[in-house]
Structure formats: structure tokens, C-alpha cells
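Put chains B and C on the given structure of chain A with help from the hints.
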Amino acid sequence: MRSSRRDFLARSVQMGVLLGAGVPLLQACGGDTQRTKVSKPIADGLQPEKGPLRIINYDDYVSPDVIADFEREYGVSVEITIITTDSEATTKLASGAIQADVHHSIANYTVGALVERGWLQPLNKSYLTNRGNVLANFDDPWYDAGSTYTVPYTFFGTGLGYRRDRIDPADVEADGWDALWNATGFKGQVSVLDDEREALVMAMLRRGLTDVNTTDQAVIDQALADLVELIDSVNVKVNIQGYQDLPEGTSTIAQVWSADPVTGAINYLPEGVPAEVLGFWHPPAGEYVVANDNIGIVSNAANPVLAHLYIDYLLDNAVSEKNFSYLGYLPALTKLDADYLIGQGYVPEHLRNCVPTSEEIAQALVFKPLSNEGRALYETAWSKFKTGG
Amino acid sequence: MTAVVTSGKRRSTAVWATFALPGVAWLVAFFLVSVYAVMAVAFGSVDPLLRTTVPQWNPLQWDYAAMRNVLDRVFGGDLGHVFVRTGAFVGSALLGCIVVGYPVAYFVARKAHRHRGLLLVALVLPFWISYLMRMLAWANLLQPDGYVNRILSWLPFFDTHRTWLDGDWYTVVIGLVYGYVPFFILPLYATLERIDGRLIEAGRDLGASSFSTFVHVTLPLSIPGLMAASVITILPMCGDYYTNTYLSRGSPRTEMVGNQIDYFLRNSSQPQTGASLVLLLMAFLFVLMVYYLVITVRQQRAAER
Amino acid sequence: MNPFRRRRHGSAPVLAMLTWVYILWSLLPVLIAVRISFNSGKSKSSFQSTSFRWYWGDLNSSVWHSDELHTAMLNTLKIAALCMLIATPIGVAMAIGLQRWRGKLSNAANGLMLVPIVTPEIVFGVALFLVFTQMYTGLPSGITRQVLGHVTFTLSFVVVIIRSRLAAIGTQYEEAARDLGASRLQAIRLVLLPLLSPAIFASVMVVFATSIDDFVISSFLSTGAATDTVPIKIYGGAKGSSTPALNALATVMLLFTMAAVALAALAVRAMNRRGGEPVGAAGGLAGLSG
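Chains as they are written, first to last, in my numbering: chain A, 1 to 389; chain B, 1001 to 1305; chain C, 2001 to 2290.
Pulled out of the complex, with its shape left as it was, chain A reads as follows (with noise of 0.2 Å):
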């Protein structure tokens, strides 16, 4: 019996073996394909494709009202493609798993390999007959030079999200980023984002670090250290449900994109409460991290002029007004800025700060594309902090 036993093992690992090895011989080769980058948009004037318009974006971040308006209008059906990631956009886009039309939410930090690997097609601006209402901001980006490849779809700063019924706002105004630190009588109740880089920059910038693309080890040790005391002092979370936390009441404090206080407020309140707890707070100009998301057409789009199309109903204020009605995240469209969104009711005249200003915009700080040895160094600092110190 003994004797079978490793019989059995033995057997196993020469099958294992054998079988591994006969794997190489049955794949050709990676599919591989090295495209280089696209230089030429398509030609003015032609007829709109029939469809359907395939889209990639995250789940429910586009009004189904918006979608369902643009159907109705031009007489075509919309497919939206869910990912979870934006990696995982990257990844299924460049494996050939899925063919699509438009990329809609694309992390500023990654136009630019798409662009550079050939996944994104120049825009033809003829088709964008809105495009004057973009802000003036996003002409001419750092990711995109002479916003050839995108229009921007949604942006945000990073800040911390209170409640103001239990936190005095003064008192976080005054202690800016510490704030969270400080909130050891709120244990649990205080969360940080889940993102390697969001987290990591906020206890730089909390310690006056504005290198928000620093690949320095010590900086991110540091960084490091003073997140994973957070674990100890005030019971620290780590997720992006600060729109819901803080409206629900299960979180005090946390950090948050400027838009989570607002579809917190449109979407999550419950019965009863009203927006006047939720409060936000952001570094001033210069120390506050602003980003936005991205629409791109990808390069063998099979519809590209319903793609301009669609790129340019969304640019329509109204259209954008409807959309962020639904959302809470503000479009970058210059009229619908903040007195204009609190004049209509959708933003509680408290959280106007939720709304970046130009200025703010133009001298906001942005997370740079990263080399991957860079990157790894804010992962591996992350996965430590994610195990609990």
C-alpha cells in the first residue's frame, strides 16, 4: 500500500511533466500582434454606420437614459461592454477578446500606451461640432497633446469626504489631510481609497511631499508607514464606497473623489437625511490632485463615424446635464460649471468644492504614466499595507 502511494505521486509528477511539456509544441505562437501607432483620422462628411455602437466602459457609468436617448435619435443600437478595471479594458483590447467602437472611460495615465501601441484613432474634429463646450483646460492636455486622440468624459480631485454632523468642518479644514489621522475617536469609521497610488500620494502630500511621481523608495516607505498606522489608531478601510459610506452613515471620514459627495448626495441618501451632513474637503491649488477619464474611438472601431457621433451628442450640454443628473460625476463641459450645477439643484450650495475650479484644474497635480519597475514599488507598498502592516 505504501508502496503505491508513491507510486501514485510519482506517476502524477511524470504525467504533470510530460503534459506541460507537450503544451508548447500545441500553441503557435502569442497572437502577439505589435501594432504602431495610428496617424490618421477618418475623412470628413461620410454617412453614419448603421451600428450597433459597441462600447467599453465601467457598469452604470453612463445614464441609461443618455444611451437610450442616443438610440432613439439616430436610429441604431447601443452594446456596453462591461470591464471592472482599466486594465482589463487595456488587456481585452489588446488580446483581440473584444472588438469595439468606443473606449469610454480611459484612466488619463493610459491614453498614452494606447495611443503609442496603435489602440486609439485621431479624433476628426469636423464631426465634433461641441467640442467649443469642453473646458478650455482640456485643449491641449499633458496625456493627449492637442486632445487628438480624446475628449475628456468625467473629472475629479481627491479630498476627504466628512459628515458634517459628527465632525466639526472647521476643525477639518484646519487639519487638512491629518484630519484622517486625528479621527481616532471615529475607529472604523474612516477609509482611504482603494488605489495604490491615491493612497500612497495622500501621506505624501500630508507631509508636504508634492512629487506625486516619485519613484523614490524612501518616500513610499514612508508613505508606507504612515498608512499602515492608520490600521492601529483609527481601524482603517480600504475601499472606493466613500458616494455610499458617507451618505449611509457607516463612514465618518474618508478619502474620496470629489464626485462621491455629490452622487452621494443625489443617490444614496436614505430617507430622511439630508445632504447638509455630507461634507468635503480638498488641498488648495498646487496640492490638489485632479484626474479625469477619457473617450477614445479604438482604432479598428467597425463604426468610427457613429463613434464622432456619439462622442459629440455627449458633448451637447444638455445631453452632459442629463448624464450627470443620473451620475453625480461632473462632465468637463465649461457651462456646467459649478454655479450653473448648484443654480439647478444638483449640487447642495455646501459642497461646491466638490467642483474644481479652472484654476484648480490648470494647476492641478496628475499622476504620471509610471515605468513598470515605478509602478511596482507603489504595489508591492500597497500589497504590505493590504496584509495589515
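Careful, some of the hints might be misleading.
Sample of chain C residues with no beta-carbon within 10 Å of chain B, all distances over it, derived [stated by the list, open to error]:
#1 His2070
#2 Leu2190
#3 Leu2263
#4 Ala2270
Here are some, though not all, of the chain B residues that point toward chain C, as calculated from beta-carbon distances under 8 Å [claimed, not checked]:
#5 Gly1023
#6 Arg1134
#7 Leu1136
#8 Pro1182
#9 Val1231
#10 Ile1261
#11 Met1282
FYI, nobody ran anything at the bench for these hints, they're computed from the structure. Just so it is clear, the structure is predicted and the values come from calculations on it, not from any experiment. Glycine included, C-beta positions come from ideal geometry on N, C-alpha and C.
Same frame as chain A, now just chains B and C:
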């Protein structure tokens, strides 16, 4: 005569091998190849611009750097804690599954005659609401003003303002038990239902108390089912990463191996690290499985003797 | 009090109570999920106020109106059904084969059967994604690949469950059938399979539940709007977050199931009343000997 027996034996071997063949072929074609793909990721590289995996299919060119880092972090580093924590969570949850699941499976299989159909339906009903959604519902129940605290407030000695979702191990363990106990009960039920009633009656007739009959007759006979049920629940729990995330709102105090694997494989520029973690977890679990196999084989041999 | 005490022909009240308490416990979150389907706001974990917004009120996102939800639900059910239909027969045959097959290769096959169980779900997603996009590129994409993935993931569960029952059954029933002149296949079909039915039921449910809950494999192997499933929508993403429409959808599915189960129960009762023939292993044996 001998020749007849041998050929009969050979034919019987061929018959049973044929039965197993489709399954084996399937696993070779899809599973073994997948494991090889994980190795190709673990020992491969990453596109410098797009940060997508570039698997290295040729074993001669494998790069073991990520695996070495992972081993360093697991043995004597921070990831070691995560493995230990995962083991502790899963062990406690398995214990919970046995305590909750065994009596239920036993009752449904052996005692519930009239209502068995109804009970079976009730047992599988939760499957219709997605696991993630039920976890969200738990998060609702466990809120400070949720029903759990309201019910507990009727009992003496309970802190009615208990916070459950603060990254406590017991909340995660309760969540795991809740999530996986239906998977535990069903296989166990399938075995318990088969146990020959006459053996139990015999035990009783020999004067054993019903408890003693249970310990000496029913329990040993149910070991194969208990093993199968445990295997089916332990192993997925080891790779689970959403139960703890949902029930602690992402507290670093409840981080399990599955979370780290998910992070590195789905959302980082180091999928090699994720794949290495996977290989390591599989190696740990494989040791458990070999133990299961040895026991199964031993029982089978004993049964045939 | 001894929980296992019972009068010879009585029941076990303590065990019965434990079982019903367990069932209530297991259904409590289900009830909460159902209640949240009537939420007026977008929260899936906290109740805001009552409305039918997610059933039909919302013109584009409600269960009644959303084509996306219909597609996702159909995909989920289709994948689960196909997975059940493929994994269960292959798994049952494999379990029977592995239980009896003696020889050196069989040991290797036994080992092979167990490794998928030690493999975290996410591996199937990541690895099969690579396998399908770089090796088996000829396979049709979408649902086919998702089904292949789910079957690979669940096959071993079936084998393990069936084998535990096989061990409890032993070989005497089949031998009796063979002695009565049944061929090997007849013995399996008429005696063994009926005896295995509770384990087959358990396997089918485990496969089904695993498949309809699976997020990782479906998500990695999904190739577009036409192949997204309900769990992918529930899981949400880095930005948007799904709505209680999913709770409403689950509630509707739950009601359908309960109705189907009730109908099936009525049908079985009607059939039993009409033909009084005993079913199961005893019936099979009786049929053979008679």
C-alpha cells in the same frame, strides 16, 4: 482459466477507463493547459507600455524572480501572516460548517420523512440570490442599527451597539460559514441518506444509546461524505476574496490570500507575483488533497476486502 | 439534553428545530435582498424608501425595461444550464470510472481530478483567458468559452460528491443485479444510477450554484455586451455601481423558481398517484428479477 480471468480483468479495466476518459480528456485539455498558462505568467514578463501579461511559454526561458520575491515575503515576511490568517479563517469556518451543517444534513437525510422535499428546496433556495448580493444583505443586517443588533438587544448581556463590520475575524468567519454551508450540507446529505438504517438499528438493538450508536455507527459511516463536503468547502474558501471585502468594507485586518492574488493578477503591473502566489497556494492545498486521496484509497481498499 | 435521542419511531425535535432555525438564518439575507429590491434609491445595502422603480418604474434601468438585464439574466441561466448538462454526466461517469478503474494510469487520473479543486477560481479566469486567446483561438468566443470554463471549474466537484456516495453504496447491489443476469451497463443504469440520485441532485445544485454565482471566470471570458452575466453587473467596477434592479431581478427569478418547484411537486404527486410502481434501486432490482 487463468487466461479468461486475466482477459476479463483487462476488459473490465478498459470499461472503467472508458468511463473516466471524457472527464480526464477534458481536464487535460482545459485544466492542465491552464495550469501551464499560470506558470507561463508566473515566470513570464509584462508589456512595458500596456502593462499586460506577456506569458513565457518556453520553460527554458522562465524567469523566477517574482517567485523568489513571493517566497521571501511568505516565509518570514508579511505575506506569511496572510497565509496564516487565511488558514485560521478557513479552519474556523470549516468548524462552523460542521457544527451547523452536520445536524442539518443528518436531520434532512435521516429524520425528516414527511418534509424532506420541502427542506431540500429550502436548502437550495438561497442559491437563487447571488452570493455577492447575499453578502450585501449581510452587510445591511450587521449595520450598527441593523436587525442583528436589534434582535440581540432582546437578549441580556449584549452590547447593542456592537459594530460588526469593523474588520473583526468573527464577522468574516460567520460570513464564510453562511456562504459555504449549503455547499457543505448537500454532499453530506447525499452520503448520510445512504447509510444503511439496519446498521443503526443493529447498534440500538445491541443496547447502545442513540448517542453512542451515532458516535460508533453513523459517524464513521459518514466520514466519506464529511471528507467530500469539507474538500468542497475548504478549497474555494481559500481562494475567496469577496466575503471578507464585503463584510469588513476592505479592512486590512481581514486580508486573505485571495485578495492579494486578485490584486496582483487583475489590477497591477506584476501579474507574475499573482501567478506565483497562486502556484504557492496550490502547492499548500495539494498537500491537503493528497491526504484526502490517501484516506479515500484506504477506505476503498478496506471496503473491498 | 441529548440532541440525538429519539423514540424508535418518533422524530428528533431538537434536530428539527435546529434545521428550521438554520433555514431561517439562511433565508434572512435573502429576505433583506428582496426588500432592497423595493428601494427607491441606488443603494444595494441600505434601504431608503419604498418604490417599484427597479421593477418597472425606471424607464431604462428597471427589470421590465432593461434589455441589458434581460440579456445578462438569459446568459447566466444559459451558461448554468449548459454547464450542468455537460459537467454532471461527464463527472458521474468519471467518478464511477475512477472508483473502479485499477492501474497505474488510474492513479494519475485520480490526482489530475483533484488538482482543479485546489485551484482558486481566479486562476481559471486568468489562465483560460490566455489559453483561449493565445492557444485555442479556433474556439468560438463568448458563451462557449464561458461554459467550457465553468465546466472545467465544477467538474471535479461532481466527481468528489458522487464518489463519497459510491463509497457508501458499495458494490453489492450491482453484483446482485449482475447475478440476476443484467449486463454491466444495465446494472449501472437500473441499479447504480437510481441509488446515486441524491448525490446527482447534490452535484447538480452545487454546479448550478457555482455557475450562477461565478464572477471571475465569466468576466475574464466575456467578450462583449452579448456575453455579460448578472454577477459581472453585481460586482460593479472602479467607478459606476450597479443598482437594486439586480435585487429586483433576483427576486423575480426566485419567484419563478418557487413556482416551478411547486408545479414539479404537484406533477410528481399526480404521477405517484397514477402509477403505484416503486421507484429507485429497489424498483430496479424488482424489475430485473421479475
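Against the structure, the hints:
1. His2070: Histidine 2070/C clear of chain B: closest Cβ-Cβ about 16 Å, beyond 10 Å.
2. Leu2190: At about 17 Å from chain B, leucine 2190/C clears the 10 Å cut-off, so the statement holds.
3. Leu2263: Holds, since 12 Å exceeds 10 Å.
4. Ala2270: holds (14 Å)
5. Gly1023: Check passed: Cβ of glycine 1023/B comes within 3 Å of chain C, closer than 8 Å.
6. Arg1134: holds (5 Å)
7. Leu1136: holds (5 Å)
8. Pro1182: Nearest chain C Cβ about 7 Å off; hint holds.
9. Val1231: Valine 1231/B check passes; min Cβ-Cβ to chain C is 6 Å, inside 8 Å.
10. Ile1261: holds (6 Å)
11. Met1282: holds (5 Å)
Checked against the numbered hints given earlier, this structure breaks none of them.
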